[in-house]
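Asker: Chain by chain, the residues:
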Amino acid sequence: MSAPATTEAFRLGQATELPPGEGRAYAAGDVQVAVFRTRTGRLHAVSAVCPHAGGPIADGIADEQVVICPLHQHTYELATGCSRTGQPPLIVYSVAIDAEGFLVVQIPSG
Amino acid sequence: MPAPRNRLVVIGNGMAGARTVEEILERGDGANLGITMFGEEPYGNYNRILLSNVLSGAEDESGIFLNSLQWYEDNGITLRAGVQITRIDRYAKLVYGSDGTTTGYDTLIIATGSRPLVPDIKGAHRPNRGFHQGVFTFRTIDDTRAMTRYARDHERAVVIGGGLLGLEAARGLQQYGVAVTLVHAAPHLMNQQLDAQAGAILRRNVEALGIDVVTDAITTEILGKEAVSGVKLRDGATIACDMVVIAAGIRPNAELAATSGFAVERAIVVDDQMRTDDPDVFAVGECAQHRNQVYGLVAPLWEQAKVLADVVTGANPKAAYHGSRTATKLKVAGVDLAAMGLVTPERDDDEFVVYSEPRRGVYKSVIIRDDRLVGATLLGDVSKVSFLMQAFDRGLPLPEERIKLLFDIGAPPAEVGVAELADTAQVCNCNGVSKATLVKTVQSGVRTLSGVMDATRAGKGCGSCKSLVAQIVEWAADGEIEEDPSASWYVPGIPLPKPELMAAIREHDLRSVSAVFAALAPEGADDAKSKMALTSLLRVIWNHDFVDERDARFVNDRVHANIQRDGTFSVVPQMKGGVTTPDQLRRIADVADKYAVPMVKLTGGQRIDLLGIRKEDLPKVWADLDMPSGYAYGKSFRTVKTCVGTEYCRFGLGDSTALGIAIESRYQGLEGPGKMKLAVTGCPRNCAEAYVKDLGVVAVEGGRWEIYVGGAAGAHIRKGDLLATVDSPEAVITLTGRFLQYYREQANWLERTYAFVPRIGIERLRAIVVDDTDGLAAGLEARMEEAVGAYRDPWRERENAITPGQFRTALPLTVLPQVPVR
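One line per chain: the protein sequences are P and Z, in this order.
Under our numbering, the first residue of the first sequence carries the number 1, and numbering increases by one thereafter.
Under our numbering, the first residue of the second sequence carries the number 111, and numbering increases by one thereafter.
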């Protein structure tokens, strides 16, 4: 790993608006992020656009491990962003819920 | 430049000689060899096989040259074109040229080829003049030029010889406006390659091209003193003509070797290394006799040249040629013919499968011995040639139903030899997966079909290539394919086949997808790839009486529209039976205007598609349309296509429109393991394409209706099987319900009826669905009744979104700014 880059935090919206098992797309500044809440309650944030053909990752079916892009069924690991179907990876962002119940994502700055 | 270690002399600059030298150069040994080539013809090297194409005008003369004079120079080869070798002194290791030169060799390759066989025909030659003016053979580029020139201002030609070359010459000459008669000594054409029946059909095909054919005809004399005036046959008949082409076969050029003291029988005798009885002298091509075979085709020559190059360069001194299995293809425009191996069965237990359709000029046969293909003929339709050639050449296992060797039946034509497929060949046309990619995946250690499909997505588009993918995986794994335990499971995440899975769901009263995972999946783990199928299955089992977890739906089913490539959606309102009204059309037009719909398109299912709708606009669009969903996005009952039936059509036999609307009204929106596309057509003219639907109904004379099931006209084409003929629309609706419910309960996930119906078998289906031999009909009807009762138009969700952000955009529809990279 390279030295930790500085990040910028973005509030995305109320966590309650993210239904269990599903993903939603948000804009964090210029960056489009797909945030998922798995059925066991874990949060994952990845880049919102499928590297294969620009599919909307937030519309994909997900489980505890992966999300499947709805356009051509390319599969990505939520935790690492790595593709299991031979595509370039998604970018993974750190995401959490703050004290006021907002989703907060960390976007590398600069 | 240092003197080469090894002086290689090649006598013959034809296809065999030049190919052998190419193979030698490829092995990187050209520098060590001082190569000298002697060629009788004063040209570089050309592809003799294509002379037929030059004659017919299909190819330009310049297009058939293989190696230019520059090539010889570039590779340090001394080409002595136009010099004939008159003698080989094998003891002094010298060859004598017709120009008086002598050339020493360390290694000698004889590749003198063959020459036309000219039967003893009176008048063919003129004393001291060679051939009679107007008499030609067909072997060299000079022959071709002379024939072409002569044909231009002559009118009638006789071609002597009805073999491959004779036929090609005859067809070629026609291009010059010459009337051609083909005179053949044997009882039927191409008697070396064809049996009498095939020969007779070939004759019809050839005659249809305007070539006269005379068989059983020995030419005894060419008539005419100064100019040719005709030919005389043994029975005394004469055929008037002003030119004659002799294409009666070939004879190996072995005289040079014979007079120089080499062992020659029909040709120069060689061993498995292509070596003559002199260890430093080799022979290759048509002048060589290997294991008692002399070949007159090009494929064996390629194989011989490889072995010879391996031996001569020392690349593989043990390389051995074991003989070739030869196949013949006729290059005559308008006649497709391929033949290989035995012409007729020879043993009592040889299997002989023949299909003959003389009127269309089609003849196909295969000869099988001990489960191996030993002979095949394809005439008029050579679509199966690549598989047959491969099966013949490599002894591949053959399909149990031999007819499949001759025709592609039912299944997609996946049985073409996968080994033969080029590496770059695209196997999955939906996802652009090549054979090489599949092979690489297998070689990386993935040994199951589903594993390879997951890794490459091959077979995950329309699915029609799946069996081909399976064959390639099997072939690439070289038998080390691992039994795929998940192959029988309904979904990949739960190790149960469909009947057991359904039983377990009922037994444990599992009412949600997450409950199914918790109870039945290994370690209770959820699986994204299984969710959509489980949602569908739960709806089939419980109708609406289950916990509908929206995350377990595919996006199309979450928002009741079909996602498009740019993340927008298509909206197809219901239009039962393809019938609409001015009012509906007005509303659709208004919606298209209001939401600036980029494209309005008629669908194949007789409906109207509004494309490019943004996700967030979907509820408003539905409200403005105020029409129910057409379900053009789900694995569900889609539509019933109809024709105008009796109402307007003068041919209509039944009211197909009304019946189609009735069927759609009853079964609208039903989920299933796959799409269900239906049609009702008012007469057997089939305007609504009912024969190729999952279920298609055809009105026939006498107020009756035929029901076809298992048809398809998508990525896979199949005519449906006739399930039943009934005499009322009510009976159609009842049987449709039973069949669809049986399909919903029994079919595998994404198994369309075109695969399901043949898997169950139409007789068995008829027994269950129509005759009720198993007593299942009442239950099917009852469960279908429940399912129908549970119908709810999903577009009513416009009033109350089910989940927060259900219709929120998931993509900015503009081009994204560059995402920063860590």
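Just so you know, the hints here were simulated from the structure itself, not pulled from any lab data.
No residue lacks a Cβ here, since even glycine has one placed at the ideal position from N, Cα and C.
Be aware that one or more of the hints could be misleading.
Derived DEER-like restraints, expressed as beta-carbon distance ranges [as the list claims (entries may be wrong)]: (1) P:G54 / Z:N539: 18 to 24 Å; (2) Z:N539 / P:A96: 41 to 47 Å; (3) P:C82 / Z:R675: 54 to 60 Å; (4) P:A96 / Z:R675: 53 to 59 Å; (5) Z:R675 / P:A79: 47 to 53 Å; (6) Z:A892 / P:C82: 26 to 32 Å; (7) Z:T534 / P:A79: 58 to 64 Å; (8) Z:C759 / P:G54: 42 to 48 Å.
Asker: Hints broken by the structure, by number, lowest first?
Answerer: Violated hints: 3, 4, 5, 6 and 7; rest satisfied.
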